[in-house]
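Listed here are the chains, written in short residue letters.
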Amino acid sequence: MTSLKARNALFAYRLLIPAIILTFFVHIIPTIWGVYISFRGLNVYYIRDWTQAPFVGFANYTRALSNIQGVFWSSLSYTLIFVIASVFGCFILGILGAVLLNGYFKGRNVIRGVLLIPYILPGVVSLTNLRFMFLQDWGIINSILLKTGLVSEPISWLTGKMALLSIIIGNVWVRWPLWFITILASLQSIPGELYEAATVDGASDWQKFTRITLPLISPTITVLTVLTALWSFNNFTVPFILTGGSPSKEANILSLNIWIRSFKNWDFGMGAAMSVVMMLIMLILILAYLRFTKLEAE
Amino acid sequence: MKKVLFVFLVISVTGIITFATTINFMMMSGSGAREFIAEAVPLFEKETGIKVNVEFTSWGEGWTKLMAMVASGQGPDVTQVGTTWVGALQATKAFVDLTDMEDYFGGKEYFLGGPWKTRGYDGRMYAVPWFADIRALVYRKDLMEKYDLPNPPKTWGDLLYSAIFLKEKGEIEYPVGLRGKGNGHYVGSFLWQNNTDIISEDGDEVLLDSEKAFESVKFWADMLGKYKVMSPGLADMGHNEICVSFFNGDVAFMYPGPWFVLKVDRKISEEWLKSGKIGIALQPGKNENLRTGFVGGSDLMISVESKNKEAAMKWIKFLTRPEIQALLAEKMFVAPTVKAAYEEPFFHQEPYAEMWKDFKMIGDAGSHYPIHPAWGAMERFVPQIIVDIFSANANDNLNDEKIRSLLKEYDKELQQALDSYK
Amino acid sequence: MRKRVLKKTFKVVGIVFLLLFVLFPLYWLVVSSLKYPEDIYTMHPSLFPSRIRFLNYLDIWKAIPMAKYYKNSLIVSLLSMALATVVAVFAGYGLSKFRFPGRKTIGITFLITQMFPGILFLLPYYLIFILIKNKLGIPLIGTYPGLVITYTAFVAPFAIWIMRGYFDTIPSELREVALTDGCDNFKAFTKIILPVAKPGIATVAILSFMKSWNEVLFATVLTNSNTRTLPLGLYEFQQEFMTSWNLVMAAGIVISIPALIFFTFLQRYFVSGFTTGAVKG
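Protein chains in written order, with my numbering: chain A, 1 to 298; chain B, 1 to 422; chain C, 1 to 281.
Nothing false has been slipped in among the hints.
Under the rule of at most 27 Å between Cα atoms (straight-line distance), these lysine-lysine pairs were calculated in the DSS-like manner:
(1) A:K161 <-> B:K402
(2) A:K294 <-> C:K104
(3) A:K161 <-> B:K408
(4) B:K51 <-> C:K68
(5) C:K8 <-> A:K208
(6) B:K267 <-> B:K146
(7) A:K161 <-> B:K226
(8) A:K264 <-> B:K412
(9) B:K228 <-> A:K161
(10) A:K264 <-> B:K402
(11) C:K187 <-> A:K5
(12) B:K317 <-> B:K117
(13) B:K408 <-> A:K264
(14) B:K309 <-> C:K133
(15) B:K146 <-> B:K169
(16) C:K135 <-> B:K307
(17) B:K218 <-> B:K167
(18) B:K117 <-> A:K264
(19) C:K3 <-> A:K208
(20) A:K208 <-> C:K7
(21) B:K51 <-> C:K62
(22) B:K360 <-> B:K267
(23) A:K106 <-> C:K11
(24) B:K146 <-> B:K167
(25) B:K309 <-> C:K135
(26) B:K226 <-> B:K169
(27) C:K7 <-> A:K106
Since the hints were made in silico from the structure, they are not lab data.
None of the values given here were measured: they were computed from a predicted structure.
Sequences and hints are given; from them, build the entire structure.
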């Protein structure tokens, strides 16, 4: 009996080896090295002989976390708003789409395909396009808003306060189809009898939604939330393409901030330190969220 | 058998020689860059037998690629670099010290004064000046004549007065076009036009937390927020868009380089030049004697790891020949750094002859950021302050206090970068 | 009765809203790609332009070596897709159908990698490539393999998650029957399980292709002008001194075509792959 188990386990390991090697080589080792860099003063003067970069202990961390231009903490708060709003936006649109397209009707498959396009399109293309639409003087959005009289002056979408909203919109626009299709899949695995029984019991649509649908899809929602939050934290393409390499404070979310510090200022030590802190924050938030949803389920 | 061996030997040796003389050149793409290379490289190859492999990269990526090159020890033999990068690159020690070869490349008298200063710090030469991006005031001469406005505006007061005048006359709503996005070098220019700088002469102190710096920034910030002669929409615009706006009649004053004529159909820009609609002058200063503008451009540096340093130097010498500088100007509309180049026939062709004369004169009076190893890290301050000012304007809290507090922050941050060098 | 009408209206309004949200930017993308430059640089861009310029689509090929970038993107993305699919199918199957020590840890490790910011390990990763070149003589930067390995590893965790969920829905009996019929583990896998898993595999293939096609950050350091991929081309396009938004939009559309084609043909599988796969994850 055990030798069968052992043979199976061996087979499984063999199946997993390629993935494990890749993950190690590409993700784990470089990240550990990255953490190591965060303790060294690797900047423009040492980039050539990076082995000689001096060990600076926690200096990079203190520099990052101290309030130089409020760099880290204000960036963090904008990042949190960005992540939470993105998840929320995807959630609303995803559920809306999934519920509306759940039942079959003529043309549904076509519409379903169309709604997936933002996810398939290359991010650079979608975001460049959105940026073009958000231009203050030449963008179509301001043009429409002005023509219809909704605003009296062109809105500055990419600079200032509205920049944060713009990157949230951009992030939601490209990510929501994933929620849509996953929740849709989830919905379709809910047995119809549950709804029938509820109707017999006199439940309203809203009650059916909140008592049957939501609880049953909540594991899916949880995973989607975690993944979207992680991707949004780490993604720098969205803010970069929408606001460029010198963003206003409101759009200077952590990922972009760190990229600028590392690749424009060549201050890799500090960039690495900021990344490590960001990772820790992400970890804490995710764990807290998972614990919270576990409690909810019980 | 011996004969075969001999022939084989000859072929392989020739082969080695031919293969040995290929150099890699990294160039930043821009209008006309590929056209220039298409003509220049064959000329060089014919003359010297050295092949040149050109790799194009965008300005944005260029900085990253240079870092990668420095870190890896692998990269092109010769690379084009922005003049503002020379200080940081010299400090990496990844590039060849050319100080002893100054005369080989022509020496001090061969180049224009401003560009010559960008060759390195501490009196050393690590970069050879290639072309200059001379920034001038380009304005609607016809409108100034029509309304009897200062032609050209020589002081900040002249500029502001003219802009407000044009606005109130209903001629142009936002007459002044300064880019609100990216590396707007006018930030430095306004400081120099007020007889101050970003770093002190001795390179020890950052001067942003000073009354003069405040005046400089306030001047253009007020044009945006207080007098509203600059459009808030400039926040999304770079040089392309501003030049297009100029030729659309939506902007009357801008601070570009000679390449502005390439931003629209050549027929249009030439027609404007011929009909006297375009005026080119030194950028106004706080007073008449402080007129100056940014003169940037690109230099050429040789990698320390290069295995073909002689060939690399030949290529650089070729690129700084007067007739090749003229070719560069013809294709890319950038200004030569080589004095003798301005005698070439290209610069005397109409309708550009007058324009080049103006630019050469302006280039002589130009200024540049400090060539300093810390500058690479500090340069971000330029686009950042622009974004912060435009941002504050969008958020409706652009006022004197805001400007002062921003400058204080930058002063602290830049001082840290400066001190870290020591 | 009234309720039904309300419900129907709500449904229609909702769908229209979503369609607008998705289609309006896409419409603008297409329309702008066909405009003349003068119609772009105006304060009153028109929704229905009076003149169209098809030449835009020719001009973009001249401005930058798009054909070369296209070739590079195709090669890299197709290779990454193939490799990632194989890796994900194997690993997903292993995680789904077998019990062995370390199973949970390995599963979580794959997910944890999503937490690592690319910017943190970009430089070390690059330095590792350099070390390999110096110590082992294998060039990786500016080569196809370097990029393919990278993208495969990037896509793998998510792909594994999908495949695993998908395999979870295939009943274990299938495998057991195959085993009793005399197949060994591997044969059971290839002959019996794989054919059933086609929709899941198609999903993973499309996703890997798409994610490789669209990647920007690592491509900036891992490519040189010979191996540069399309998204960088678009970025380079924008950065060039003389660009018009209309050309940028046209380039954008051209860059999107392969992904869209892939998707249109395999959409059916994509959705059903998700239907069975992602849910269980």
